[in-house]
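In terms of mature numbering (1 follows the signal peptide of the UniProt record, and there is no 0), the sequence shown is residues -20 to -1, 1 to 112.
Note that these hints are calculated values from the structure, not bench results.
Here the structure is a predicted model, which means the values were calculated and not measured.
The C-beta atom is built at its ideal place from N, Cα and C for all residues, glycine as well.
Mixed in with the good hints there might be a few duds.
Claimed, not checked - Below are the DSS-like pairs computed for lysine-lysine, each with C-alpha atoms no more than 30 Å apart in a straight line: (1) Lys97 - Lys25; (2) Lys97 - Lys61; (3) Lys63 - Lys25; (4) Lys32 - Lys63; (5) Lys97 - Lys63; (6) Lys25 - Lys35; (7) Lys61 - Lys35; (8) Lys61 - Lys25; (9) Lys97 - Lys35; (10) Lys61 - Lys32; (11) Lys63 - Lys35; (12) Lys97 - Lys32.
Stated by the list, open to error - Derived Cβ-Cβ restraints for the label pairs, each shown as a range: (13) Met55 - Ser14: 33 to 41 Å; (14) Gln1 - Ile72: 32 to 40 Å; (15) Asn6 - Lys61: 16 to 24 Å.
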Amino acid sequence: MASSVPFVMLVLSSLIVAEAQLRLFNLRASNLPSSLFGTTDGYVKVSCGAAKLGKTSVSNDNPNPWWSEEFTHFMAQENDKLKLEVYDSDLIFDDLLGVCERAIALGVHEHNCYLEKGGILTYSYTLGNQTH
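Go ahead and model the full structure; you've got the sequences and the hints to work with.
Set out below in structure tokens:
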């Protein structure tokens, strides 16, 4: 019976999915389009896989915002989908300016995303193994 313990441990360890810490930071946009109501009041909604990580503050009257918020997800997995949705905040209905989606990878990364309605979203993220 004792000889089967190493085999069971091997099987169980192969079922464990490696989790990592995702840190998203340095979100900024350039050349966001103006609306009928004037200059863009931009913000970004952030999710990773099924987890909603939150949203940035609204940057009023700024076509080139830089958001100071950082987002962390402790149970991210390599190849999870990072989704960033850029909106223009309005009184009645917030306009979706574009969506950036990317499968995350280990390491440090910076990406540019060209938004459907104009403008560019730039962001950085790190994905690394958790240390216990």
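- Query: Which earlier hints can't be squared with this structure?
  - Reply: Those not satisfied: there are none.
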